[in-house]
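From first to last, the protein sequence lines stand for chains U and H. The first sequence begins at 1 in this note's numbering and counts up by one. The second sequence begins at 1 in this note's numbering and counts up by one.
Since the hints were made in silico from the structure, they are not lab data. Warning: the hint list may mix true and false statements.
Claimed, not checked - Below, a sample of chain H positions facing chain U; criterion: calculated Cβ distance under 10 Å:
#, residue
1, 45
2, 95
3, 105
4, 112
C-beta atoms are modelled at their ideal positions from N, C-alpha and C, and glycine is treated no differently.
Here are the chains, one letter per residue:
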Amino acid sequence: MLKLEAITGKYGFVTVHGVDYRVYFEESGEGIPLLCQHTAGGDGRQWRHLMNDEEVTSKYRVVAVDLPYHGKSLPPESVEWWKEEYKLTKSFLIDFLVEFGRALGLDRPVFIGCSMGGHLALDLALECPDKFRAVIGFESAEFTPGLDLIWFNHPRISGEFKFANLFESTAPSSPEKYRREVGWVYSQSAPPVFRGDLYYYSVEHNVTGQLHRIDTSRIAVYLLCGEYDFASTPEMCRQAASQIKGAKYIEMKGLGHFPVVENYELCKAYLTPILEEITKIR
Amino acid sequence: MTVVFLDSSKIDRLRNAMNHDAEFKLAARYMSEDILLGADESRCIVKVRDGLVTEIKPDPPSEDHWSFSIKATAESWDKLLQSSPPPFYTGLNAGMLRGNLQIMGNMEVAFAYLWAMNRMLDIMRQLQN
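Work out the full structure: start from the sequences and follow the hints.
Next comes the structure, spelled out in structure tokens:
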């Protein structure tokens, strides 16, 4: 008898900015919708531990989609993508997530995202607070300039650079098998994807001076940052949270830039009280 | 404590450890480069040929060339080489991004072999502690 996980995967169709996308998503559990956003250059596999956690899936319907061009979501068939540089824009990312959630019938989901997804948590809270009941941002910051580097998509530098680079973004105390898994997923993205995503992460996402506009009576905001994160540091995340009245900030000791992947058990200790609190939000 | 790559009593052990390390051998395959390592004003050159460390040369003369250099203060190297390094010292990219070390020279080669260089750091950590 084949041992099965609770996670199921499906393909669906989403139309954004006039382009049809066939996208892959996974889900697990029943209850409050929890929409997960993977990191730049990553894919929905990063949420596998959360999606296999019965303490979460007994209360939440956890959904993780691979953005177009990521994981098992191919580039769109109607676009000659090989003739243009791949760049993830803020407007596409927001509109895609909102449209995907709407098409899937998710009622004011809770959004949870890491790194690029952590930045997106802030953009969603600013741009469309009534479409989500709460956002949970891992490794969020107002602005992380200077990381849109040519080396992340260079003909003479292989995916091993990404493998090594993201491995060292994890905490040394995290289990090595999961630290290596972070690097593995990164080494698998198509050559232009990580750098193209960094266009959003490091260029377009800039909410400096805007976060005071977030109304946490409309959308709850939780920001968490790993102690070892050198891309968006705990100080940067704390600084962002301090500008949002009612937001909660937690520094996660012993974790790096990929808390849900590199050491889910430790991450869970920080995340569980938040998910419990959100169940009380109407 | 003297940084391992500048400690004459440990240089041969370091070279041997790198050449017998399965991960370093994999990550450094095809690598034929000279790397300058510096701590404060002290320096050495690590010579790699076809993935094997052929020499760790202390106090290289100024006319020697190298592909890229990795330099930090002795204080930063102490943190980089702790068995469990503190935040912002987990690897070369972390250190560089947060200003705790400098990589200069042929950056294309340096980043092409970041995996090998980070593994070299791991091996140094084992010998340093």
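Just to be careful: measuring from the Cβ of residue 105 (chain H) to every Cβ in chain U, is the smallest value less than 10 Å?
With a closest approach of 14 Å, the residue 105 (chain H) hint is violated.
Could you check if residue 95 (chain H) really has its C-beta closer than 10 Å to a C-beta on chain U?
8 Å, holds
Closer than 10 Å between Cβ atoms is the bar; does residue 112 (chain H) clear it against chain U? Give me holds or violated.
The hint holds - residue 112 (chain H) has a Cβ within 10 Å of chain U, the shortest such distance being about 5 Å.
Against chain U, is residue 45 (chain H) within 10 Å by beta-carbon distance?
Nearest chain U Cβ about 22 Å off; hint violated.
The structure is inconsistent with the numbered hints 1 and 3, although it conforms to all the rest.
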